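Can you build the whole structure from these sequences, using the hints too?
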Amino acid sequence: MTTENKDDYILQLEGISKYFGTVISLQDVTLRLRRGEVHCLLGDNGAGKSTLIKTLAGVHRPNKGRYLVEGKEVSFASPREALDQGIATVYQDLALVPLMSVARNFFAGREPMKKLFGVIPVMDMHHAARVAEEKLGEMGIHVRSPHQPVGTMSGGERQCLAIARAIHFGAKVLILDEPTAALGVKQSCNVLKLIHKARERGISVIFITHNVHHAYPIGDSFTLLNRGQSMGTFAKENISKEEVLDMMAGGTEIQSLFNELEGRAAA
Amino acid sequence: MSAITPPMTGSIGKTPAAQADERIRRISPWRALLNRPEFGSIAGTLLIFILFGFFAGDSGMFNLDGVMNWSTVAAYLGIIAVGACVLMIAGEFDLSIGSMIGFAGMMMAVPAMFLGWPMWASMLFAFAGCMALGWLNGYLVVRTRLPSFIVTLAFMFILRGLTLVLSTHFSNSTIVSGVGDKLSADPVVHTLFQGTTLHGLFGWLATIGLIEKLPNGEPVVGGLPKVLLWWLGVAAVAGFILSRTRFGNWIFMVGGDSNAAQNVGVPVRRVKISLFVFTAFCACLFGVLQVADVGSAAADRGLQKEFEAIIAAVIGGALLTGGYGSVLGACFGALIFGVVQIGISYTNFDSDWYRVFLGGMLLLAVLFNHYIRSRATTGK
Chain A
11 MTTENKDDYI LQLEGISKYF GTVISLQDVT LRLRRGEVHC LLGDNGAGKS
61 TLIKTLAGVH RPNKGRYLVE GKEVSFASPR EALDQGIATV YQDLALVPLM
111 SVARNFFAGR EPMKKLFGVI PVMDMHHAAR VAEEKLGEMG IHVRSPHQPV
161 GTMSGGERQC LAIARAIHFG AKVLILDEPT AALGVKQSCN VLKLIHKARE
211 RGISVIFITH NVHHAYPIGD SFTLLNRGQS MGTFAKENIS KEEVLDMMAG
261 GTEIQSLFNE LEGRAAA
Chain B
86 MSAITPPMTG SIGKTPAAQA DERIRRISPW RALLNRPEFG SIAGTLLIFI
136 LFGFFAGDSG MFNLDGVMNW STVAAYLGII AVGACVLMIA GEFDLSIGSM
186 IGFAGMMMAV PAMFLGWPMW ASMLFAFAGC MALGWLNGYL VVRTRLPSFI
236 VTLAFMFILR GLTLVLSTHF SNSTIVSGVG DKLSADPVVH TLFQGTTLHG
286 LFGWLATIGL IEKLPNGEPV VGGLPKVLLW WLGVAAVAGF ILSRTRFGNW
336 IFMVGGDSNA AQNVGVPVRR VKISLFVFTA FCACLFGVLQ VADVGSAAAD
386 RGLQKEFEAI IAAVIGGALL TGGYGSVLGA CFGALIFGVV QIGISYTNFD
436 SDWYRVFLGG MLLLAVLFNH YIRSRATTGK
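Sequences listed follow chains A and B, in order.
For the first sequence, the residue numbers in my numbering are 11 to 277.
For the second sequence, the residue numbers in my numbering are 86 to 465.
Since the hints were derived computationally from the structure, they do not count as laboratory data.
Just so you know, these numbers come straight off a predicted model, no measurement behind them.
The beta-carbon is built from N, C-alpha and C at its ideal position, and this holds for glycine as well.
Please note that a few of the clues may not be correct.
Unchecked claim - Chain B stretches covered by chain A per the calculated footprint, using a threshold of three residues with CB under 8 angstroms from any CB of chain A: (1) 303-309; (2) 389-396.
Said to hold, decoys possible - Chain B side only, calculated, beta carbon under 10 angstroms to chain A, not exhaustive: (3) 152; (4) 345; (5) 346; (6) 347; (7) 349; (8) 404; (9) 408; (10) 455; (11) 458.
Right, here's the structure in full:
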């Protein structure tokens with residue numbers, strides 16, 4: 011597709027296949043993420059998006075194909091290893107615990123420590139609260155108190171919290187699994203703004219969605235998945251919103267539905 | 086309740102000096118207290134004290150010997166309630182606690198009485214055995230992903246049955262007696278588990294008149310039962326770990342959402358298994374202390390204690406689905422148990438009402454905690 015140097019890609023999947031028993035979940039999929047771009051992964055339900063991100067996140071190991079991070083082939087045994095390489099995934103369930111406070115959630119699994127009386131290692135709650143509030147503030151989210159339970163926050167705020175957390179912990183690559191799926195218009199807008207902020211900081215983003223209206227304005231390039239296969243990757247300048255919509259599964263079906271409905275209205 | 090109070094100037098005070106935000110609502114100290122998991126059990130304890138103060142205030146229940154009486158009962162239950170509570174916060178149950186108590190006693194008594202082991206060795210054997218069984222419980226639960234309810238229910242029967250088998254095999258009866266004498270002769274086990282301590286302090290308190298004296302000049306209460314110290318110790322350590330350490334944060338995460346915990350890199354299995362081991366340790370501690378106190382091991386020891394431990398944890402604000410609760414709350418839950426169980430005999434009520442009362446208390450606590458929690462989590 012491009013003639014650029016390989017090293018420009020921070021993350022590459024080359025000819026990845028993944029099978030679950032007799033089910034072919036991914037077939038020969040290639041996905042290349044450039045440094046500092048927002049790469050939208052589009053596809054309808056069942057297209058293999060979830061399997062693809064879980065492969066990227068180190069949850070699944072592909073049956074075939076190569077996975078390269080900054081040009082070096084990797085094989086992650088666990089999500090932890092992917093995380094250590096700076097590949098952070100924000101799943102739809104956000105990995106937040108509603109009953110726990112914002113601060114505790116922000117530092118979940120990476121608790122800031124201090125020594126009590128110089129010997130006993132304890133969580134530095136003061137630091138956690140301060141940093142959580144500060145980092146969320148930088149992202150334009152103001153929480154009432156870092157000690158409030160996450161359960162009291164709105165869906166959009168939670169999404170932003172999860173993203174801000176990933177960025178704070180040194181994510182080089184941010185994989186966002188349908189971050190706008192359950193959100194209202196304004197909240198989706200906030201999340202898109204946050205993605206833009208992440209890109210400005212030089213973070214590469216893979217944005218998974220089936221909503222072209224969210225993907226197109228923010229994306230730099232688009233990969234379309236259909237029934238486990240890639241339909242190709244397109245740079246924004248080479249493709250229009252309508253073409254993307256058409257290419258997605260159901261694009262033509264939706265068009266014929268529109269025609270039918272219009273015909274009915276005219277009759 | 087605090088709707089019309091004047092501006093809350095002195096509220097929580099923990100809010101860092103961030104810029105003022107018009108969306109930050111001040112929370113009164115009263116509301117902050119109300120939102121704590123242990124609030125229900127503290128309120129319940131106060132209520133119980135008021136009730137018994139009213140019905141049994143002049144009966145000697147609140148004299149020092151009366152206090153020792155019910156606080157000892159509370160301490161025994163408190164030890165296993167702490168274990169059950171922490172495990173519940175991590176989202177699991179252990180129904181084998183009660184049977185484990187009986188089995189621990191047997192594991193301590195049988196080698197010492199019939200195999201010629203020194204007491205300290207059989208005590209260590211009991212702890213090691215129980216913790217290994219706790220590990221097995223935990224391993225089976227995380228490995229099979231079966232509900233811990235069913236796995237530990239199986240162990241509840243297996244261990245109860247084994248206790249009976251061991252007892253009848255070695256002593257031809259359901260009780261192994263005579264352990265007490267051998268136990269007092271072992272300095273290590275005796276010092277750790279048997280009887281009371283702080284005799285000097287109690288004697289001194291008696292000489293300055295703070296403790297009543299018996300006709301022979303001895304204080305009415307000679308010392309602090311060691312089980313109380315164990316309770317305080319276990320509760321303090323568990324409470325500290327839960328609220329202040331990284332492992333404590335992991336416990337809350339694992340119970341709140343084990344999938345989320347996994348995704349942020351928390352070793353979910355290890356956390357759960359270690360808490361099963363801790364619960365087994367608590368049950369064993371109960372069993373060993375009881376053997377030291379009673380002087381025998383019996384096959385029916387600890388019957389239904391698993392439910393009492395879980396009830397105490399629930400009264401203490403622990404959520405049955407995990408992710409929420411407090412050690413302090415569980416301790417107050419156990420205290421309520423002790424006060425009611427012993428206190429009822431100081432009143433004019435028939436002590437047959439004890440269970441009715443506890444069931445009612447549990448129901449009340451669950452309803453109350455449910456109400457408080459839904460308020461806390463929706464921020465209303």
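A quick look at each hint next to the structure:
no., hint, verdict
1, 303-309, "violated (count 0)"
2, 389-396, "violated (count 0)"
3, 152, "violated (32 angstroms)"
4, 345, "holds (4 angstroms)"
5, 346, "holds (7 angstroms)"
6, 347, "holds (8 angstroms)"
7, 349, "holds (4 angstroms)"
8, 404, "holds (8 angstroms)"
9, 408, "holds (5 angstroms)"
10, 455, "violated (13 angstroms)"
11, 458, "holds (8 angstroms)"
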